[in-house]
Amino acid sequence: MSSIFQAVGAATSLSSSASFDTKKFQFSSSRSLLGKRASCVVVRCSGAKMDGGLNQIGGRADHLVTNAVATKADTPAASTASKPGHELLLFEALREGLEEEMERDARVCVMGEDVGHYGGSYKVTKGLAPKYGDLRVLDTPIAENSFTGMGIGAAMMGLRPIIEGMNMGFLLLAFNQISNNCGMLHYTSGGQFKIPVVIRGPGGVGRQLGAEHSQRLESYFQSIPGIQMVACSTPYNAKGLMKAAIRSDNPVILFEHVLLYNLKERIPDEEYVLNLEEAEMVRPGEHVTILTYSRMRYHVMQAAKTLVNKGYDPEVIDIRSLKPFDLHTIGNSIKKTHRVLIVEECMRTGGIGASLTAAITENFHDYLDAPIICLSSQDVPTPYAGTLEEWTVVQPPQIVAAVEQLCR
Amino acid sequence: MALARRSSTLLKPLSAASSSSSFLHRRPFSTDDTTTITVETSVPFTGHNCEPPSRSIDTTPKELMSFFTDMALMRRMEIAADSLYKSKLIRGFCHLYDGQEAVCIGMEAAITKKDCIITAYRDHCIFLGRGGKLLESFAELMGRQGGCSRGKGGSMHFYKKEACFFGGHGIVGAQVPLGCGLAFAQKYRKEDHVTFAMYGDGAANQGQLFEALNMAALWDLPAILVCENNHYGMGTAEWRAAKSPAYYKRGDYVPGLKVDGMDAFAVKQACKFAKEHALKNGPIILEMDTYRYHGHSMSDPGSTYRTRDEISGVRQERDPIERLRKLILAHDLATEKELKDIEKLARKEVDEAISQAKESPMPDESELFTNVYRKGYGVESFGADRKELRATLP
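These protein sequence lines are chains R and V, in that order. Each step along the first sequence adds one to the number in UniProt numbering, with nothing skipped, and position 83 is 83. Each step along the second sequence adds one to the number in UniProt numbering, with nothing skipped, and position 287 is 287.
For lysine-lysine, the following DSS-like pairs were computed, each having C-alpha atoms within a straight-line distance of at most 30 angstroms:
1) R:Lys323 - V:Lys161
2) V:Lys348 - V:Lys326
3) V:Lys190 - R:Lys126
4) V:Lys358 - V:Lys161
So, partial list: chain V residues that the calculated Cβ filter (under 10 angstroms) puts toward chain R:
5) Cys148
6) Gly151
7) His157
8) Tyr159
9) Lys160
10) Lys161
11) Gly167
12) Gly170
13) Gln175
14) Gly179
15) Gly181
16) Leu182
17) Gln186
18) Arg189
19) Phe210
20) Asn371
Quick caveat, the hints were computed from the structure, so don't treat them as lab data. The structure displayed is predicted, hence computed values, not measured ones. Even for Gly, the Cβ is constructed at its ideal location relative to N, Cα and C.
With the hints as extra help, turn the sequences into a complete structure.
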């Protein structure tokens, strides 16, 4: 392993493919982690077509098997030693986390559109209203601004509401409440009030949902002082982050993704809570640090397969915590690999990647061997046409190309 | 106790010469809780979808005197804030409440400290009414550590959690959904308390108000929406901003009551009525017809959109403190001089509080970063080196 690393580090130009071809087989055989793929949990997105094929941007592949959790055993907060667990889909994992917290603390309540009788537009709150009653799982009218405000007011009184936006984009209507009241009340009251709300909902580019329903709000909320933001990407971290967010005394915005709700994974039976500020090491590596979150994690892992075949060893980190960034995990990775690629679904301008680039440059500039490359969505409203929509988000071939450019 | 007393032959004044420094111990009937005085409101209530309460209100000498004392203190505080602002000790926005004192005094008299109040940025007097101290108020206005929000909130962010005073909000109308949230929590916990969500005639045109009202009515939340109609939304008169300035009728299916907001007893009666109603039937709107003598804030002279005659006219005819003074003198509860002494004492208290507040230090530099987050349950904030983030200013 170290010999390969030295070769990579010593050679100033890695474009010479000859040296890599010889190492290619060495690579794949010594890659013990690749071997782990078979025995580890497989995340299958049933029905959801993740992205285009490896060689074509416009094509659609069927039923991809991604091994996003191939390195489960390395995740610090994981307890996957318990092989028996139960399999469920991501939205069920969210529901499980939610239900456990509601069971545990009577102050936890849910409010949002269609969360009660309808069961939630993405079934995250299915079955909760009959169990906990209409007041605890509250069907609100379509009035995001005021029901978000209502949730915040209830939190000031000591309840712990979870406010669901049917689509993250609708929460733009509640921006004033989230920014001024949610984020700042703890500060402007001199610490008298705490606002332990969780604001959650699906966002991101879906399947031709149109411009207004494909928004990524991470970039809009990120400068609000006083809030925390997390993005879940697997059933395991979805449940853990949901529970952590509910237990946190700070307002937390939990970003889910429309296309990830049907991911299936085996999660432990025993109770677990994840750390809100921690990033997840998806795949340790040596050559380049790829930072990503939410759905782009799967694009990155797809690209990682290609990269591994080409002889690269990317380290993939799912940053999970969008505010604050887990600069500890990220920093350690950068100190090891010296190259950073950020892959995100946010817009290029003022997105999470932009902030992360700034944070990394400020803190770890001396460790970088190459400028940070940030792959983000195009600065356009998401078009309806399928091909155009694919081109707005980052696709695996672009990730592969970027890594090759970085490691040159 | 049920008899109305108009003559006060039994309430002869004792020698006023013996005066102690505390208000309550000066005259025996300042603390008289048993004598009932019946007052009539200046104008009858107007109801919308509800039976308005009676115009006659029972009160006691103690309550009368305390109303006067408290209002004098509030008036004094606001005038003092005016001069502090002009001498640049208070900066930013300063919205003064003088003229509207009757609303918060009457409201406090009708409710307990467990009932919640939330209001907008004209919050100094309401903070005082909820039990806030003059020192906390002035220190906060001047941005000192001793302030109720540790100097980090300012004029528009007074809060007092123990007294269920939820502030103090700068964005017009945003406090009304919060108020419905407070009421929601009260209903969730099956408490026997209500929430008074106050807003102005300018905020009455905000959409989130109607959204919140719809939800409150839908779920029978114990929310009372109080519109402090001082007839001007900053510089815009109400008839120029609202097609229907009858704010108490705007609830449509929600009952409403129009109240003379310059009459503390009318306010008290209305709030009592509203509390009973809200606990049984859900939300109700109260429109307080009131007036502010100052402009919208200290940066507004207040005379460009209304005439000085109008202001002085209201001051002469409807001033809440004058009204009380007349009542007290009519019932012979105190002499002119005694009332003047009360006002002098208020002035003295305010001056003392100001000088104390001036001595309060500015917040420490480290306070810049405190209270941004709260330590979570099992979750801790880390910086780049996994230790708690500490920032040092250059």
